[in-house]
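Asks: Sequence:
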Amino acid sequence: MHADEIVDAHVLVVGSGGAGVRAAIEASRYGDVVMVSKTIAGKGGCTTMAEGGYNAVLRDRDSVDVHREDTLKGGAYLNDPALVDALVREAPERMADLVRWGAVFDVTEDREIAQRPFGGQRFPRTCYAGDRTGHEMIMTLLDRLDATDTHLYQEVSVVDFVKDENGAVAGAIALDRDGNVVLFRSDATVLATGGGTQVYDISTNSAAGTGDGFAMAYRAGAELIDMEMIQFHPTGAVYPYDARGRLVTEAVRGEGGILLNARRERFMKRYDPDRMELSTRDVVARAIATEVLEGRGTNRGGVYLDVTHLPAEKIETRLPVMLEQFLAFGVDIRREPMEVAPTAHHIMGGLRITPECRTTLPGLFACGEVAGGVHGANRLGGNALAETQVFGKRAGEFAGKAPARGGRFDEGAIDERLRMLDGFFEGAISPADVRKDLKLTMWNQAGIFRNAPDLRTALGHVRRLAETRLCAASTANLLECCTVRNMCTTASLIVRCALLRPENRGAHVRLDAEIVTDPATSPFGHTYISLAREGIEQREVTA
Numbered sequence: 028m029h030a031d032e033i034v035d036a037h038v039l040v041v042g043s044g045g046a047g048v049r050a051a052i053e054a055s056r057y058g059d060v061v062m063v064s065k066t067i068a069g070k071g072g073c074t075t076m077a078e079g080g081y082n083a084v085l086r087d088r089d090s091v092d093v094h095r096e097d098t099l100k101g102g103a104y105l106n107d108p109a110l111v112d113a114l115v116r117e118a119p120e121r122m123a124d125l126v127r128w129g130a131v132f133d134v135t136e137d138r139e140i141a142q143r144p145f146g147g148q149r150f151p152r153t154c155y156a157g158d159r160t161g162h163e164m165i166m167t168l169l170d171r172l173d174a175t176d177t178h179l180y181q182e183v184s185v186v187d188f189v190k191d192e193n194g195a196v197a198g199a200i201a202l203d204r205d206g207n208v209v210l211f212r213s214d215a216t217v218l219a220t221g222g223g224t225q226v227y228d229i230s231t232n233s234a235a236g237t238g239d240g241f242a243m244a245y246r247a248g249a250e251l252i253d254m255e256m257i258q259f260h261p262t263g264a265v266y267p268y269d270a271r272g273r274l275v276t277e278a279v280r281g282e283g284g285i286l287l288n289a290r291r292e293r294f295m296k297r298y299d300p301d302r303m304e305l306s307t308r309d310v311v312a313r314a315i316a317t318e319v320l321e322g323r324g325t326n327r328g329g330v331y332l333d334v335t336h337l338p339a340e341k342i343e344t345r346l347p348v349m350l351e352q353f354l355a356f357g358v359d360i361r362r363e364p365m366e367v368a369p370t371a372h373h374i375m376g377g378l379r380i381t382p383e384c385r386t387t388l389p390g391l392f393a394c395g396e397v398a399g400g401v402h403g404a405n406r407l408g409g410n411a412l413a414e415t416q417v418f419g420k421r422a423g424e425f426a427g428k429a430p431a432r433g434g435r436f437d438e439g440a441i442d443e444r445l446r447m448l449d450g451f452f453e454g455a456i457s458p459a460d461v462r463k464d465l466k467l468t469m470w471n472q473a474g475i476f477r478n479a480p481d482l483r484t485a486l487g488h489v490r491r492l493a494e495t496r497l498c499a500a501s502t503a504n505l506l507e508c509c510t511v512r513n514m515c516t517t518a519s520l521i522v523r524c525a526l527l528r529p530e531n532r533g534a535h536v537r538l539d540a541e542i543v544t545d546p547a548t549s550p551f552g553h554t555y556i557s558l559a560r561e562g563i564e565q566r567e568v569t570a
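At position 427 of the sequence shown (counting the first as 1) the number is 454 in the working numbering, and the numbers step up by one without a gap.
In case anyone wonders, no lab produced these hints; they're calculated from the structure.
Remember, predicted model here, so these are calculated numbers, not experimental data.
The beta-carbon is built from N, C-alpha and C at its ideal position, and this holds for glycine as well.
Treat the hints loosely; a few may be bogus.
[Claimed, not checked] With a straight-line cut-off of 20 Å between C-alpha atoms, the simulated EDC-like cross-links for lysine to aspartate or glutamate are:
hint, residue 1, residue 2
1, Lys428, Asp170
2, Lys70, Glu139
3, Lys341, Glu363
[As the list claims (entries may be wrong)] Cβ pair distances, simulated, as ranges:
hint, residue 1, residue 2, range
4, Arg138, Asp539, 51 to 57 Å
5, Gly450, Arg362, 54 to 60 Å
6, Ala459, Asp87, 34 to 40 Å
7, Asp173, Leu354, 29 to 35 Å
8, Arg323, Asn478, 45 to 51 Å
9, Lys428, Ala109, 16 to 22 Å
10, Ala109, Gly439, 34 to 40 Å
11, Asp460, Asp112, 32 to 38 Å
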């Protein structure tokens with residue numbers, strides 16, 4: 028194969044979710060920007076699907092110090108404190124940007140932005156637009172992006188980064204939907220590809236959430252941290268089968284929804300009697316999974332989430348998307364409870380970044396879910412949308428300030444990537460078969476509850492899947508092969524890091540490990556993984 032098109036830019040932004048669009052808006056102040064989107068911008072990714080809200084300190088009774096403490100405690104003190112400081116300080120400023128650009132959030136009678144309580148918060152600090160907050164944000168951001176000179180390439184998927192002769196990231200190779208190769212050259216590259224929980228059988232992520240960014244960065248030599256930290260959202264839809272895992276927003280519990288097992292017991296009193304349904308997501312997810320495993324779940328393997336005690340008007344105005352979603356399934360949540368169960372939702376780990384969003388690779392910046400360190404071992408609901416804006420702005424700013432690239436492309440590496448694409452035409456295994464096998468393996472052996480034998484079995488099987496010779500039945504099918512390749516790499520990173528951490532911490536639960544009763548004094552720090560090391564190592568970290 029050969030490059031069918033070559034595109035130059037000062038800043039290349041890979042990804043069109045909340046973080047990527049915010050980065051492009053900021054970077055456009057400094058020079059030409061090209062944004063590459065795997066989907067139609069605003070139609071894919073997790074920001075547009077996010078329902079619950081955006082955390083920001085807006086009231087005198089709250090404070091950035093309390094937001095910081097809640098975030099560190101919720102993250103089991105595995106968070107990078109410098110990143111947390113940036114998040115809590117700048118979230119209100121980035122919220123002000125959104126409002127100034129036309130975003131419409133719910134307001135109080137005093138015309139202040141309304142805030143609802145979410146799990147792990149001492150004060151209600153989650154700003155919202157009903158239960159469609161992410162959609163409101165992304166539409167506002169795209170409108171703002173239209174006012175810049177950013178060049179948008181839609182339905183074009185980056186398959187690997189390319190470097191210059193000095194080892195700095197200098198652009199990327201991509202495929203359009205027809206299988207044509209596009210070579211992007213840039214002075215700086217911002218990676219904002221979102222998460223990857225589509226490696227699990229049941230996931231809230233859109234079809235695009237396949238972990239491409241983690242895999243591409245790993246192959247390029249970037250360092251990643253804490254990839255074992257996978258958040259299983261407590262409440263995903265159970266029924267019907269083809270809707271399994273669809274997000275049932277935490278806003279349902281924030282507005283007063285209660286969890287009941289099949290015996291109609293409000294079971295959270297057994298797991299967190301103080302915070303109940305508004306405990307942190309890791310605690311609630313394990314509680315639901317335990318109820319089901321111990322035989323107190325529904326016939327479909329879930330529990331009930333009930334809002335029937337709330338006024339119908341409140342449900343209709345505060346939870347309109349949830350009402351509509353369940354009505355489509357034949358369930359009126361004003362009169363009967365929802366059935367829910369945990370679903371793979373968010374990867375807290377990712378590329379190691381500085382507060383300026385620099386990765387360990389020169390020329391490469393990262394923001395949003397693909398970056399690690401902000402949320403530690405468990406993310407608080409409402410912090411992710413804030414993260415997209417705080418670190419999207421930072422990534423765009425510092426990438427925009429990058430000097431012009433001096434080195435030349437490593438032509439040999441480009442030829443190697445093109446030969447890899449050609450090789451898919453000679454493969455024998457359907458990528459769809461490998462994808463299905465991988466997702467079931469990860470769900471069954473690297474899920475909420477883990478142990479070393481299962482993880483080793485999973486790792487061995489994932490490695491065998493990664494070595495299969497994937498077959499591209501046509502030029503247009505090339506992307507599926509690249510995607511499944513990335514999914515295998517990301518799954519491997521998750522399992523390898525899960526094997527390394529011999530403790531129970533946040534979202535990572537090892538049934539064969541000693542429980543750490545005080546994460547703040549845990550002797551275990553981040554897990555680090557990169558091609559530059561022979562294996563994985565841990566370094567001590569202080570919160």
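Asks: Okay, which hints does this one fail, numbers in order?
Replies: 1, 2, 6, 8 and 11
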